[in-house]
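Visitor: The hints should help you fit chain B with the ligand onto chain A, whose structure is shown.
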Amino acid sequence: MTRSDDAPVVEIILRIKEEILKLRKTAGHLPCVDRNCERLLAGVAMLELDIVDVYTLLQDKSA
Amino acid sequence: MEHDRLYWNPLLETMPREKLRDLQLAKFQRILRWAWANSPLYRRLYDAAGLVPDDIRTWDDVRRIPTLEKEHYRSAQAKDPWPYGESLCVPIEEVTNYHQTSGTTGQPVYQPDTWRDWEWWTECWCYIMWAMGFRNTDRVFVPFGYNVFVAYWAGHYAAEKLGCEVVPGGVLNTAERLLKMKELQVTAFMATPTYVLGMAETAREKLGLDPRGMGIRRILCAGEPGASVPSTKRRMEEAWGADVYDHIGATEIGGWAYECTHKPGGTHVNEGMFLVELVDLETGAPVEEPGRLGRIVITALDRLAQPCVRFDSKDVAMWADDCTCGRTFRVLKGGIHGRTDHITKVKGVLFSPVSVEELVREMPELGDEFELIVQKNGDIDEVTLKVELQPHCCAREADVREKLAREFRMKTNLNCRLEFHPFGRLPRYEVKAKRFKDLRQDH
Ligand SMILES: [Zn+2]
Numbered sequence: 001m002t003r004s005d006d007a008p009v010v011e012i013i014l015r016i017k018e019e020i021l022k023l024r025k026t027a028g029h030l031p032c033v034d035r036n037c038e039r040l041l042a043g044v045a046m047l048e049l050d051i052v053d054v055y056t057l058l059q060d061k062s063a
Numbered sequence: 064m065e066h067d068r069l070y071w072n073p074l075l076e077t078m079p080r081e082k083l084r085d086l087q088l089a090k091f092q093r094i095l096r097w098a099w100a101n102s103p104l105y106r107r108l109y110d111a112a113g114l115v116p117d118d119i120r121t122w123d124d125v126r127r128i129p130t131l132e133k134e135h136y137r138s139a140q141a142k143d144p145w146p147y148g149e150s151l152c153v154p155i156e157e158v159t160n161y162h163q164t165s166g167t168t169g170q171p172v173y174q175p176d177t178w179r180d181w182e183w184w185t186e187c188w189c190y191i192m193w194a195m196g197f198r199n200t201d202r203v204f205v206p207f208g209y210n211v212f213v214a215y216w217a218g219h220y221a222a223e224k225l226g227c228e229v230v231p232g233g234v235l236n237t238a239e240r241l242l243k244m245k246e247l248q249v250t251a252f253m254a255t256p257t258y259v260l261g262m263a264e265t266a267r268e269k270l271g272l273d274p275r276g277m278g279i280r281r282i283l284c285a286g287e288p289g290a291s292v293p294s295t296k297r298r299m300e301e302a303w304g305a306d307v308y309d310h311i312g313a314t315e316i317g318g319w320a321y322e323c324t325h326k327p328g329g330t331h332v333n334e335g336m337f338l339v340e341l342v343d344l345e346t347g348a349p350v351e352e353p354g355r356l357g358r359i360v361i362t363a364l365d366r367l368a369q370p371c372v373r374f375d376s377k378d379v380a381m382w383a384d385d386c387t388c389g390r391t392f393r394v395l396k397g398g399i400h401g402r403t404d405h406i407t408k409v410k411g412v413l414f415s416p417v418s419v420e421e422l423v424r425e426m427p428e429l430g431d432e433f434e435l436i437v438q439k440n441g442d443i444d445e446v447t448l449k450v451e452l453q454p455h456c457c458a459r460e461a462d463v464r465e466k467l468a469r470e471f472r473m474k475t476n477l478n479c480r481l482e483f484h485p486f487g488r489l490p491r492y493e494v495k496a497k498r499f500k501d502l503r504q505d506h
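Those protein sequences? They're chains A and B, same order as listed.
So that you can map any letter, position 29 of the first sequence is 29 in this note's numbering, and since no number is skipped, the others follow by simple counting.
Each position in the second sequence, counted from 1, maps to that position plus 63 in this note's numbering.
In case anyone wonders, no lab produced these hints; they're calculated from the structure.
A few of these clues could be false.
To be verified - The calculated lysine-lysine pairs, modelled on DSSO-like cross-linking and capped at a C-alpha distance of 27 Å, are:
#1 K17/A - K90/B
#2 K466/B - K408/B
#3 K224/B - K17/A
#4 K474/B - K500/B
Keep in mind that this is a model prediction, so the values were computed, not measured.
If we strip away everything but chain A, and leave its shape as in the complex, we get:
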């Protein structure tokens, strides 16, 4: 990843998270959706630690 494509990557990760949460809200009464969303969110959480945090936390810092 280079500097110039960081921002879109962060955006995509956050959008995926939002979509999974939306899916869970919409169809989470189905156990298969609920538990698979839980697993997907855990994977997305790692992308947040690996990438998103670097931008959001350091941005807060410079703000």
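Guide: For chain B with the ligand alone, kept in the frame of chain A given last:
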């Protein structure tokens, strides 16, 4: 592009130090708020010190926060809800994984993880294994049992995540494991240094098999400091004809340090996920410069179900100079140098059992196993070192004895009583070896 492939996450692993420190401080503040808000254990600890998370703005503030010890977990876990009690920060139904410490220093600590925490364990191990060169071309043998100890569980999951082919090697004895590894032509495995050496010995002595011919390319070590002790590492690498890498982790903390393929003589701290502070053994002041021993105080910056904030691990280490691999994560020279409860005074001299491991493994006339016992003889401390002579060196016992006594004195400033045992008679260990025993009552 190729540069990026060297690192699991170049964004963190090659981040300029100043930025990395800022990120660590921000993450520390976040986990502190989480622990304080969700765990009665942490709330009580910080209330007693008159601290609230908003007080913590600088690194000096961080150092004012009380450290946590195993005993804190134990007493918090005596409360409800069973078995995690007041150290738990999430509803208990969110816990998906149970592990526990071995309990060698007392009542085991119970360790809850949510699925997200477990994914975090796995992710931390991906940093570890990627840096050691594990790739999807590896067939990895995992010789450990299905049990409550965290051991290589995360290694199994991380190997899968990296795309390796994982071969579960539990419920087999050592010879059966070796035969399965040979049959499947595995390229890598994970084990304690003790077991790595024990497997090589079994291959040679019981199966007539040269481990060097088995095609193993890399071995991941954990559980003991051996892979960072140069002479032990050399023994393992020579026995298997493979690269041996060290990793450091613990149940309550996570997998927090790893050796890279540049082998800098120590382990990188994963500073994107953990904060490691070294503090002076006596004064508690921060140790920042390379080459001076300090006690490790560690924070897992992202672990949620049972946080680990400023945990006094009782391990002792020292910083090294930077590695040549391009990672900006600091390196602990020689990995873990021992535990504060093992580094002890004998006849008034500071004595570290790990230095004796290095000494024994440096002498080719000696077998891999040894035992070190400190006890009182009347009022005087006495150190006994038990070793095994290699079968082909029996005729030279007197020379070896003299050399060992001399080297021991030079390394430790102490004399010791030497016991030579026939090859194969000292205990063999599969998991954590217990080679050091301090039998002094008042100690
Ligand atoms: Zn390195």
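Visitor: Could you work out which of the previously given hints the structure breaks and list their numbers from low to high?
Guide: none
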